Amino acid sequence: MAEAAAVVAESLAGYRARAARAVLEQVVLPGEELLLPGQEDGEGPGSAGERPLRLNAGARSGGRVVCGPGLRRCGDRLLVTKCGRLRHKEPGSGNGGGVYWVDSQQKRYVPVKGDHVIGIVTAKSGDIFKVDVGGSEPASLSYLSFEGATKRNRPNVQVGDLIYGQFVVANKDMEPEMVCIDSCGRANGMGVIGQDGLLFKVTLGLIRRLLAPDCEILQEVGKLYPLEIVFGMNGRIWVKAKTIQQTLILANILEACEHMTADQRKQIFSRLAES
Amino acid sequence: MKETPLSNCERRFLLRAIEEKKRLDGRQTYDYRNIKISFGTDYGCCTVELGKTRVLGQVSCELVSPKLNRATEGILFFNLELSQMAAPAFEPGRQSDLLVKLNRLLERCLRNSKCIDTESLCVVAGEKVWQIRVDLHLLNHDGNIIDAASIAAIVALCHFRRPDVSVQGDEVTLYTLEERDPVPLSIHHMPICVSFAFFQQGTYLLVDPNEREERVMDGLLVIAMNKHREICTIQSSGGIMLLKDQVLRCSKIAGVKVAEITELIQKALANDQKVRKEGGKFGFAESIANQRITAFRMEKAPIDTSDVEEKAEEIISEAEPPSEVVSKPVLWTPGTAQIGEGIENSWGDLEDSEKEDEGGSDEAIILDSIKMDTGEVSNIGSQDAPIVLSDSEEEEMIILEPDKNPKKIRTQTISATQVKAPSKKPVKKRKKKRAAN
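First to last, the protein sequences are chains A and B.
All residue numbers for the first sequence refer to the UniProt record's numbering, where the first residue is 1 and numbers rise by one.
All residue numbers for the second sequence refer to the UniProt record's numbering, where the first residue is 1 and numbers rise by one.
Incorrect hints may have been included.
The list that follows gives simulated cross-link-like pairs (lysine-lysine, DSS-like), each with its CA atoms no further than 30 Å apart [what the hints assert, rightly or not]:
#	chain 1	residue 1	chain 2	residue 2
1	A	Lys242	B	Lys52
2	B	Lys21	B	Lys227
3	B	Lys52	B	Lys281
4	A	Lys124	A	Lys113
5	B	Lys101	A	Lys242
6	A	Lys201	B	Lys227
7	B	Lys36	A	Lys107
8	A	Lys201	B	Lys21
9	A	Lys107	B	Lys22
10	A	Lys82	B	Lys52
11	A	Lys201	B	Lys36
12	B	Lys114	B	Lys267
13	A	Lys151	A	Lys113
14	A	Lys82	B	Lys2
15	B	Lys2	A	Lys107
16	B	Lys21	A	Lys223
17	B	Lys52	B	Lys101
18	A	Lys130	A	Lys113
19	B	Lys22	A	Lys201
20	B	Lys227	B	Lys267
21	A	Lys130	A	Lys201
Hint data in this document are derived by calculation from the structure and do not stem from the laboratory.
The model shown is predicted, which means the values in this text are computed figures rather than measured ones.
I would like the entire structure built from these sequences, with the hints used as guidance.
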């Protein structure tokens, strides 16, 4: 039945779904339908019927495939929900199908479970804090979800403070919920961010680029001045250097990286290192 | 949607930076952000960018009956809109305090200063006058809306042209743009608002505050002035005590800034007029640069080009020679020859080669090429060589360089075409001939 529905939808759309392999690194648009490698061979002209895609079937030849941001599983179909370039990451070990996601350019953050974000405390009400994370509604943060916090020993959080935390609940129908501890009850770097330093906003694409494991920008920035820096997946960056001047320079450089090519960036960094 | 709150650390940092005479974007205390003025294709349409703050201005006109107490004066109407596109905190369809304040200030700055001659907008006293409407839309909010809006309003008014009207007796004729050139409004002076933000109870002063500076400021002073240093409006808000010499100092700074901005506006207007007169390209599509996102750029892949020539040679040597065509030319009339089976003359091809030729008198070239044509053909006929002249490109090369050895030229042309793109032209031509046959 599901197969029939898929075929009908396909014919309604007026074109065949494209194979994900074929459009890798290309621009995809919302509403487009993709076929994963496991689905493609069932799609041949001679085959008896299409095999539905099972994203969680480990025994299949394609293995387990993960849909990242920008892709949505709808029944046995894979739909694109964001405009951007389709990316793929090969699985590290085993015979999985790897991860597919869409690299898009946007400023508005949508909470995702597990994301580390920087929030601003907007209100204290009873035993929870309301934290603005840049999403459509504020996240809630319990005062017990700090390292070492007990009912007696409350964390010292004021309205307007910066919080670096992680989402444990991020559902489109529910209020997002943050915590500042990991599953072992450790802070692990999370918690209230110090009173100094500068917070600024960049696009989400730049944040992802900066957080990539082999990010050149960050290594180059690190060579300039000693600094403390926090990246939130919601596009916020908190940076602190020794002086205000240095902090300002760092903030402006990171903002400018959005529209610079690698060569331009290297030029600017070398010029700054000289001065 | 709620406004993003300002965190304590941002507030502290900003205030400390201001104490050190530093600003977030690297400006000095009295510096304006970059002002960019661009015009749309229509008259009276412009956008003003003040750093990241962006305002779109559009002027329109309409014939209406005048107000009862001012029978000979045209009507000026200003409307500033803060759309949600500018900042998510702006709510649509609601008159916020900020909006009311800004609209009022704009009216005072532009209407009450009588910068536009309203009497010249009268068509028939007591019956028909022009109503000039200035719509301003905030497209992006990054602080100092009022300065950007006042610049946009005056630029749009200066740029605007209303249709020409003539009155003969009781008859009023309205001419379209095609019939008569539209007439500009008569503008006496250009009032421009300059904003000053005060911090720490007036200790520190900044010109052109951006959005975050506006959030931490204690008070704001707006001075509207024209380039003759006449103050059109002055407004202080925020409830801080200002000293007399502070206000005087601000008005001096405002005088300098207004002179600079007026010059910029006049330059932009003159530039636009020049481009329009010359018939060049104008409008937003031409003047607003689009920002590129480098994050998604594809890296350039290096291609090995070291042995391209050898490869090309190889391809040529491996390729089959073109199929033989009857090499006996048919002479139809003196000066024209035909090679091949089809009954088709080569005039079309000659024209092609002409186009690719660099200038020169057309007829001479044609004659030349014909001569060369026949000469070559007779050569081939005697030697019976497998060189076939059915390719127009080959002919062309021979025409251009008649002195060189034709065989050598041929290999050159082939290598060139094969490297660049597979030459489909000769194949097509042959097919055509067959069809004609």
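Here is how each hint holds up against the structure:
no.	hint	in the structure
1	Lys242(A) x Lys52(B)	holds, 29 Å
2	Lys21(B) x Lys227(B)	holds, 28 Å
3	Lys52(B) x Lys281(B)	holds, 25 Å
4	Lys124(A) x Lys113(A)	holds, 23 Å
5	Lys101(B) x Lys242(A)	violated, 41 Å
6	Lys201(A) x Lys227(B)	violated, 38 Å
7	Lys36(B) x Lys107(A)	holds, 24 Å
8	Lys201(A) x Lys21(B)	holds, 23 Å
9	Lys107(A) x Lys22(B)	holds, 27 Å
10	Lys82(A) x Lys52(B)	holds, 26 Å
11	Lys201(A) x Lys36(B)	holds, 24 Å
12	Lys114(B) x Lys267(B)	holds, 23 Å
13	Lys151(A) x Lys113(A)	holds, 26 Å
14	Lys82(A) x Lys2(B)	holds, 25 Å
15	Lys2(B) x Lys107(A)	holds, 16 Å
16	Lys21(B) x Lys223(A)	holds, 27 Å
17	Lys52(B) x Lys101(B)	holds, 22 Å
18	Lys130(A) x Lys113(A)	holds, 17 Å
19	Lys22(B) x Lys201(A)	holds, 19 Å
20	Lys227(B) x Lys267(B)	holds, 15 Å
21	Lys130(A) x Lys201(A)	holds, 20 Å
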